[in-house]
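J.: Sequence:
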Amino acid sequence: MCGIVGYIGDAQAVPILLESLKMLEYRGYDSAGVTVFNGKLETYKIAGRIKDLEAVIPWNMQGSTGIGHTRWATHGKPETRNAHPHLSSDVSVVHNGIIENYMELKERLIGLDYEFKSDTDTEVIAHLLHFNMKCRGQKCLLDGLAETVKELKGSYAIAALCAEEPGLLAFARKDSPLVIGVGKGSNYAASDVTAFLKHTKEVIYINDNEIGLLKPDSIEIFDLEGKQVSRNAEIIEWDLEAAEKAGYEHFMLKEIHEQPTSIQNTFAGKLSELEGTVTLEELYLKPDEIKRLKRATIIACGTSWNAGILGKYIFEKLAGLHTDVETASEFRYSNPVLCGEELTIAITQSGETADTLAAVRSSSSYGCRSIAITNVVGSTITREADSVLYTRAGPEIGVAATKTFTAQLVALYMLAIYLGRIRGVVSANEAKDLIVGIKRLPGQIQKVLNRKDAINECAVQFADKRDYFFIGRYLNYPVALEGALKLKEISYIHAEGYAAGELKHGPLALITDETPVVAIATRGHTYEKILSNIKEVKARNATVIAVADDDDTEIDKYVDVVLRVPSSHELLAPVLSSVVLQLLSYYTALAKDCSIDKPRNLAKSVTVE
Numbered sequence: 001m002c003g004i005v006g007y008i009g010d011a012q013a014v015p016i017l018l019e020s021l022k023m024l025e026y027r028g029y030d031s032a033g034v035t036v037f038n039g040k041l042e043t044y045k046i047a048g049r050i051k052d053l054e055a056v057i058p059w060n061m062q063g064s065t066g067i068g069h070t071r072w073a074t075h076g077k078p079e080t081r082n083a084h085p086h087l088s089s090d091v092s093v094v095h096n097g098i099i100e101n102y103m104e105l106k107e108r109l110i111g112l113d114y115e116f117k118s119d120t121d122t123e124v125i126a127h128l129l130h131f132n133m134k135c136r137g138q139k140c141l142l143d144g145l146a147e148t149v150k151e152l153k154g155s156y157a158i159a160a161l162c163a164e165e166p167g168l169l170a171f172a173r174k175d176s177p178l179v180i181g182v183g184k185g186s187n188y189a190a191s192d193v194t195a196f197l198k199h200t201k202e203v204i205y206i207n208d209n210e211i212g213l214l215k216p217d218s219i220e221i222f223d224l225e226g227k228q229v230s231r232n233a234e235i236i237e238w239d240l241e242a243a244e245k246a247g248y249e250h251f252m253l254k255e256i257h258e259q260p261t262s263i264q265n266t267f268a269g270k271l272s273e274l275e276g277t278v279t280l281e282e283l284y285l286k287p288d289e290i291k292r293l294k295r296a297t298i299i300a301c302g303t304s305w306n307a308g309i310l311g312k313y314i315f316e317k318l319a320g321l322h323t324d325v326e327t328a329s330e331f332r333y334s335n336p337v338l339c340g341e342e343l344t345i346a347i348t349q350s351g352e353t354a355d356t357l358a359a360v361r362s363s364s365s366y367g368c369r370s371i372a373i374t375n376v377v378g379s380t381i382t383r384e385a386d387s388v389l390y391t392r393a394g395p396e397i398g399v400a401a402t403k404t405f406t407a408q409l410v411a412l413y414m415l416a417i418y419l420g421r422i423r424g425v426v427s428a429n430e431a432k433d434l435i436v437g438i439k440r441l442p443g444q445i446q447k448v449l450n451r452k453d454a455i456n457e458c459a460v461q462f463a464d465k466r467d468y469f470f471i472g473r474y475l476n477y478p479v480a481l482e483g484a485l486k487l488k489e490i491s492y493i494h495a496e497g498y499a500a501g502e503l504k505h506g507p508l509a510l511i512t513d514e515t516p517v518v519a520i521a522t523r524g525h526t527y528e529k530i531l532s533n534i535k536e537v538k539a540r541n542a543t544v545i546a547v548a549d550d551d552d553t554e555i556d557k558y559v560d561v562v563l564r565v566p567s568s569h570e571l572l573a574p575v576l577s578s579v580v581l582q583l584l585s586y587y588t589a590l591a592k593d594c595s596i597d598k599p600r601n602l603a604k605s606v607t608v609e
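Here my numbering is used: position 123 in the sequence shown is 123, and no number is missing along the way.
Calculated directly from the structure, the hints in this document are not laboratory data. In this text, all values refer to a predicted model and were calculated from it rather than measured experimentally. No false leads were mixed into what you were given.
Derived EDC-like pairs: lysine to aspartate or glutamate, alpha-carbon spacing no greater than 20 Å straight-line:
(1) K291 to E281
(2) K592 to D464
(3) K465 to D593
(4) K51 to E19
(5) K134 to D113
(6) K452 to D560
(7) K134 to D90
(8) K184 to D217
(9) K201 to D10
(10) K535 to D556
(11) K557 to E536
(12) K432 to E273
(13) K153 to D208
(14) K447 to D550
(15) K51 to D30
(16) K134 to E107
(17) K488 to D593
(18) K488 to D464
(19) K150 to E210
Have a look at the derived ranges for each label pair, beta carbon to beta carbon:
(20) E220 to G76: 31 to 41 Å
(21) A539 to A268: 45 to 55 Å
(22) A268 to N232: 22 to 32 Å
(23) K592 to G111: 45 to 55 Å
(24) R108 to E220: 24 to 34 Å
(25) A591 to E164: 55 to 65 Å
(26) E225 to E430: 49 to 59 Å
(27) G185 to Q461: 56 to 66 Å
(28) G185 to H569: 47 to 57 Å
(29) A268 to G378: 15 to 25 Å
(30) T80 to K592: 27 to 37 Å
Built from N, CA and C at the ideal position, the CB exists for glycine as well.
Just need the whole structure built from these sequences, with the hints factored in.
T.: Next up, the structure:
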């Protein structure tokens with residue numbers, strides 16, 4: 001949500017800012033704008049796409065210092081007047097986050113004769129910064145910004161310019177991502193490293209309650225008390241090519257096809273089938289702490305929450321650990337009953353999900369140990385959690401999570417085996433079977449991908465339907481939830497996922513001959529039960545699409561379409577089924593000519609509550 005970029009150096013700023021904003025389009029936005037210092041601050045912004053912004057910026061625009069923004073509407077409609085940057089005389093500001101006390105600040109500033117031209121919370125930052133610099137006698141942009149953020153309640157990543165200090169770009173951060181790119185004779189600020197990765201791989205991650213200044217040849221970081229912070233730059237391991245489409249029509253399709261590699265990278269160097277062990281050196285939990293654990297709580301949102309539901313089944317079976325799964329946005333407000341012998345597992349692709357971060361902080365106050373499963377090195381969650389387990393999936397640009405979801409599943413499998421071996425729940429032989437199965441997943445996923453034409457044919461056949469149901473039992477229930485989420489996200493078809501045994505408790509009333517039902521029916525101890533549920537919906541004239549094993553010769557008798565997956569260990573089959581449903585959703589959206597990589601009303605990273 002919302003993308004910030006900033007540049008200061010010896011090159012022309014406009015092309016760099018526009019290029020950087022395009023790299024952040026995947027975050028979701030409804031308007032865009034830039035401010036560049038060209039003897040004075042010149043600002044151009046518009047409701048619409050970046051190509052619309054390019055059309056209103058003079059072709060010969062000069063200036064080597066600037067800030068830019070893609071806005072996702074939270075306060076105020078998606079109109080040009082609400083687009084960033086926001087100005088107050090000779091001050092310009094871009095902001096990602098939500099200022100919770102903006103009405104109080106706005107009323108005070110109006111009383112000081114400041115005129116508001118937008119409905120946004122961000123405009124109060126611009127006016128407050130101007131007031132602190134001009135009326136309270138702060139010596140410079142940095143001091144003014146420090147005084148300003150002390151008065152803000154809520155979340156923010158801010159980049160600011162002042163016409164009287166043209167050689168400076170100021171920044172601040174609290175609860176919203178901000179990263180600095182270290183160049184040669186130039187420096188960058190952005191919400192995400194992809195914005196400037198073409199120019200530099202050296203980055204410095206800004207922490208909460210830090211502010212700073214960029215100059216072309218220097219970076220200064222301070223805490224809010226004015227103490228300078230020293231922090232070394234880190235090197236980004238992947239390059240810009242990994243974030244490009246590489247010949248695929250959409251990022252989502254590219255990322256679906258990258259899953260053999262992303263899963264391989266996630267478990268690389270961690271599995272030993274000979275010993276039946278998982279090595280997780282990055283976990284700072286001692287064996288006696290693991291043995292004393294009484295309970296685990298998985299905290300996540302959206303697709304990560306669906307992964308967490310599968311994690312619950314896996315942890316309870318393999319680690320003998322009672323596990324709850326909590327929606328992060330509800331957790332911190334629900335008066336949780338926690339104790340020190342409880343493990344908190346936070347799953348967040350970006351590592352910046354505001355609700356998940358808040359939930360981890362809340363659980364830590366109870367003395368709970370925490371593990372983060374995330375895809376982004378250096379993200380905020382990596383500094384909040386006690387331990388971090390990375391999913392090495394590489395950049396995911398498509399809003400609908402695909403490769404990061406299956407990588408999360410693999411991370412959960414590894415963590416469950418690791419805990420289970422230490423707790424004496426899983427034997428070496430059981431662990432060996434699972435580890436062999438995990439190592440086979442990349443090749444099995446490739447077999448699923450090779451069958452994309454059959455999945456495409458099925459998708460086209462039912463693309464005109466208004467409603468879909470997805471059903472599964474036990475491990476396949478979270479797969480049904482994720483399949484329904486993917487379909488509704490990118491094709492805008494109403495879809496619901498259900499535990500198949502719940503059909504008779506209400507959903508059967510909605511089943512008609514116009515309602516395709518996708519049944520995840522891979523082999524396992526609930527197989528006979530799912531066949532019974534398939535018969536229930538067939539009796540109501542529904543068309544049934546089954547996801548089933550290659551060696552299942554029974555399923556064809558009961559369903560209309562079968563989409564096959566290679567036979568695998570029962571616990572691992574959800575990974576393969578998920579890939580089928582990703583492709584089904586993709587080809588359905590393609591048939592409906594939907595905006596697949598940037599579905600309406602959605603953002604990749606939800607960095608506000």
